[in-house]
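When you get a sec, could you build the whole thing from the sequences and use the hints?
2 protein chains.
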Amino acid sequence: MTLEYPDALQRRIPEATVSRLPLYLRSLLDFSEREVSTVSSEKLAAATGVNAAKVRKDLSYLGSYGTRGVGYDVEFLVHAISQRLGLTRDRKAGIAGVGNLGRALVNYRGFGERGFRIAACFDSDPLKIGTAVNDMTVSSIDEIEASVCAGGITIGIIATPAAAAQDVADRFVAGGVLGILNFAPAVLTVPPEVTLRKVDLSIELQILAFYVGRDSGLIQAAIEAAK
Amino acid sequence: MTLEYPDALQRRIPEATVSRLPLYLRSLLDFSEREVSTVSSEKLAAATGVNAAKVRKDLSYLGSYGTRGVGYDVEFLVHAISQRLGLTRDRKAGIAGVGNLGRALVNYRGFGERGFRIAACFDSDPLKIGTAVNDMTVSSIDEIEASVCAGGITIGIIATPAAAAQDVADRFVAGGVLGILNFAPAVLTVPPEVTLRKVDLSIELQILAFYVGRDSGLIQAAIEAAK
DNA sequence: CTCTGTGAAAATGTTCACAGCG
DNA sequence: CGCTGTGAACATTTTCACAGAG
Numbered sequence: 069m070t071l072e073y074p075d076a077l078q079r080r081i082p083e084a085t086v087s088r089l090p091l092y093l094r095s096l097l098d099f100s101e102r103e104v105s106t107v108s109s110e111k112l113a114a115a116t117g118v119n120a121a122k123v124r125k126d127l128s129y130l131g132s133y134g135t136r137g138v139g140y141d142v143e144f145l146v147h148a149i150s151q152r153l154g155l156t157r158d159r160k161a162g163i164a165g166v167g168n169l170g171r172a173l174v175n176y177r178g179f180g181e182r183g184f185r186i187a188a189c190f191d192s193d194p195l196k197i198g199t200a201v202n203d204m205t206v207s208s209i210d211e212i213e214a215s216v217c218a219g220g221i222t223i224g225i226i227a228t229p230a231a232a233a234q235d236v237a238d239r240f241v242a243g244g245v246l247g248i249l250n251f252a253p254a255v256l257t258v259p260p261e262v263t264l265r266k267v268d269l270s271i272e273l274q275i276l277a278f279y280v281g282r283d284s285g286l287i288q289a290a291i292e293a294a295k
Numbered sequence: 069m070t071l072e073y074p075d076a077l078q079r080r081i082p083e084a085t086v087s088r089l090p091l092y093l094r095s096l097l098d099f100s101e102r103e104v105s106t107v108s109s110e111k112l113a114a115a116t117g118v119n120a121a122k123v124r125k126d127l128s129y130l131g132s133y134g135t136r137g138v139g140y141d142v143e144f145l146v147h148a149i150s151q152r153l154g155l156t157r158d159r160k161a162g163i164a165g166v167g168n169l170g171r172a173l174v175n176y177r178g179f180g181e182r183g184f185r186i187a188a189c190f191d192s193d194p195l196k197i198g199t200a201v202n203d204m205t206v207s208s209i210d211e212i213e214a215s216v217c218a219g220g221i222t223i224g225i226i227a228t229p230a231a232a233a234q235d236v237a238d239r240f241v242a243g244g245v246l247g248i249l250n251f252a253p254a255v256l257t258v259p260p261e262v263t264l265r266k267v268d269l270s271i272e273l274q275i276l277a278f279y280v281g282r283d284s285g286l287i288q289a290a291i292e293a294a295k
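Here the protein sequences come in this chain order: B and F. All the letters of the first sequence, read from the start, carry residue numbers 69 to 295 under our numbering. All the letters of the second sequence, read from the start, carry residue numbers 69 to 295 under our numbering.
The reader is advised that the hints may include incorrect statements.
Put simply, identical chains are the same to the list, so a pair is met inside one copy or across any two.
With a cut-off of at most 27 Å between alpha-carbon atoms, the simulated DSS-like pairs for lysine-lysine come out as follows [to be verified]:
(1) K266 / K111
(2) K125 / K111
(3) K196 / K160
(4) K122 / K266
(5) K266 / K160
(6) K111 / K122
(7) K266 / K196
Bear in mind the hints are in silico, worked out from the structure with no lab data behind them. Small disclaimer: the values here were computed from a predicted structure and weren't measured.
Dropping the structure here:
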């Protein structure tokens, strides 16, 4: 499925680890701002809500960058993680759909600050096209292909209703994006060379409902059993 | 860590399965709307982007509800999954922070339609307090405890800036919520009886960046190797 | 003596492959 | 026959526990 990486170049980082690196990065940036120069795996664990052994194993995939008896150098780690996540080069993203969610994403501090720049936004609503969002002019959905291609946009963000999502994805792909982040509650099909991730807000709430329901059931059961 | 569930009551459903149930549910609702009465694991797999063996194993945790040679009854499964996710009782949620993201969540079709009702919203900005969002009046953050308690709200959604998130969480907990869904980029502490889930928009983008970066590197390497 | 780095064990999750029901 | 349900094989992830560097 995946091509083999030339082994000398860099060790393969497990998926589970990759998904935690941004978490560590954020905490490390906090430490850095508070002028903390060194952290132990224990401290980083406390700050991120991950356990210490996992932190050490995760960081070990980046290389042996810690000092025994001391911990990790904050600045060094910030750099190493940013590097590995590919946040050092600055990436342009385009966003389709400037409803509430789209606007929330455009204004999201976290995006702009970490090597991402929202360089274009698109909508199908004639009333929105031509208006400004965060000092960007909203373009028509039809212009995605040309705009992505001409503007060197490598990432497409989809924040449209589900019905429009596949069309938008096809346009992003035609324009040549390398990755798509999909917020629409729809299953998309893209060619294998394009990386696709999805975030589904209502699914998260439903998962929460399961655990909430179960736990209150559990408590009921426990009360019952205690009688 | 977790209490043992009385075995007769219901089989324990693995976490990975729970996180896919809402996905199946959505597809099943689509089938239902299109008046499809029966689906095979293969069909459901295609519609959700999960593989068929996984679909069958997941559904088997709910019970043996399929018919061999035929498939699963759509309506029956919809009911069974809704039941297990605890979506049959109607739940009230409160939302703190009515910036762009908060408003996007309030208006999110997916929330209202599946047994959730956003029953209250809160903000700290005096300019927003008293205004209406989706025919709800925005209340002050200070009123969370009382409002949650009096209104029977069981779920708190946090869409505030990171700095306010822990305070809001404490208030939700004091008011008696059973679960919290956190969109703020902050690590929260809540008592163990409160279920906590988080969604971090910028982290998803960073994870995407990793795979995008790696794959374009891969392509480079492949070109190199082919020479 | 502290804290990393890591093998090895345990737990969790995924895929295979096929027996057997309808 | 077609398609579910599920043991058993395989893969990934987490946790443990400790040797050894500083």
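Tested hints:
1. K266 / K111: This pair counts as between: shortest inter-copy Cα distance 21 Å, intra-copy 31 Å.
2. K125 / K111: within (15 Å within a copy, 39 Å between copies)
3. K196 / K160: For K196 and K160, the Cα distance is within 27 Å only inside one copy (22 Å; across copies 33 Å).
4. K122 / K266: both (25 Å within a copy, 19 Å between copies)
5. K266 / K160: Result: close both inside a copy and across copies, 19 Å intra and 26 Å inter.
6. K111 / K122: Classified as within: same-chain Cα gap 13 Å, cross-chain 38 Å, threshold 27 Å.
7. K266 / K196: within (25 Å within a copy, 31 Å between copies)
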